[in-house]
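Participant: Sequence:
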Amino acid sequence: MERRIKIVFDIEADGLLAEATKIHCLVAKDIESGKLYSFYDDDSIKPIVGKHFSIDRIPDLFRKIDLVIGHNIINFDLPILKKFFGITQTFEIVDTLVWSKVLYPDRPPDKGQPTLLFNPITGKNEKIGPHSLAAWGYRLKHPKVEYFDWREFDEDMLRRGTDDVLLNEKVYLQLLAEAGLT
Numbered sequence: 439m440e441r442r443i444k445i446v447f448d449i450e451a452d453g454l455l456a457e458a459t460k461i462h463c464l465v466a467k468d469i470e471s472g473k474l475y476s477f478y479d480d481d482s483i484k485p486i487v488g489k490h491f492s493i494d495r496i497p498d499l500f501r502k503i504d505l506v507i508g509h510n511i512i513n514f515d516l517p518i519l520k521k522f523f524g525i526t527q528t529f530e531i532v533d534t535l536v537w538s539k540v541l542y543p544d545r546p547p548d549k550g551q552p553t554l555l556f557n558p559i560t561g562k563n564e565k566i567g568p569h570s571l572a573a574w575g576y577r578l579k580h581p582k583v584e585y586f587d588w589r590e591f592d593e594d595m596l597r598r599g600t601d602d603v604l605l606n607e608k609v610y611l612q613l614l615a616e617a618g619l620t
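Residue numbers (this note's numbering): 439 to 620.
Derived from the structure by calculation, the hints contain no laboratory data.
Ideal Cβ positions, reconstructed from N, Cα and C, are used throughout, including at glycine.
Treat the hints loosely; a few may be bogus.
To be verified - With beta-carbon atoms standing in for the labels, derived distance ranges:
1) Lys539 with Asp592: 19 to 25 Å
2) Gly561 with Gly618: 43 to 49 Å
3) Phe523 with Arg589: 30 to 36 Å
4) Tyr542 with Glu470: 23 to 29 Å
5) Leu614 with Ile512: 17 to 23 Å
6) Ala615 with Ala456: 34 to 40 Å
7) Lys489 with Phe523: 17 to 23 Å
8) Leu619 with Thr528: 33 to 39 Å
Sequences are here, hints too, so could you generate the full structure?
Facilitator: Structure below.
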């Protein structure tokens, strides 16, 4: 029997869906093998962990996938894949943002979690919602890497994407436990 390929993934782009003109990077982790993969085009930046491929290889990854897991992937990452590569859903989806809201709609913030985070680029405070990946970072004692400038790709952005994938894997496992599926 062939094994099902399940990945947790995250995309960093130069803007939100409507404004995005470029995917800076995609980081994915195969849940079963534990292998990490990063896709980006700046060869001067070394992979943080795992294997590195160019952005144009992203469609190859999604041809092999049975299940994708991510946070807010229904409203951002999957539409970005469609926008830039024409990739449409041929796999099962677990959006951990949706699961968090469905399993515990009134999920409280973690003790000691701030409700606002200052963005030095915009000069504004941004709300940290109770279902956000940042809130989950506090809850799981895995603080989310702060990053604010999406204009140009750099090593810190790759680190953010990699850490988001590792954090989101923990969120997925926690939500499976909450749902009684482990």
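Participant: Hint by hint, note whether the structure agrees.
Facilitator: So, going through the hints one by one against the coordinates:
Against the hinted window of 19 to 25 Å, the Cβ-Cβ separation of Lys539 and Asp592 comes to about 32 Å, which falls outside the hint. Taken as a hint, the range 43 to 49 Å holds for the pair Gly561 and Gly618, whose Cβ atoms sit roughly 44 Å apart. Against the hinted window of 30 to 36 Å, the Cβ-Cβ separation of Phe523 and Arg589 comes to about 22 Å, which falls outside the hint. Checked against the given bound of 23 to 29 Å, the beta carbons of Tyr542 and Glu470, roughly 27 Å apart, stay inside it.
Between Leu614 and Ile512, the C-beta spacing of about 18 Å keeps the proposed range 17 to 23 Å intact. About 36 Å separates the C-beta atoms of Ala615 and Ala456, a value consistent with the hinted range of 34 to 40 Å. Separated by about 19 Å at the C-beta atoms, Lys489 and Phe523 satisfy the suggested range of 17 to 23 Å. Restraint check, Leu619 to Thr528: a C-beta distance of roughly 23 Å breaks the suggested window 33 to 39 Å.
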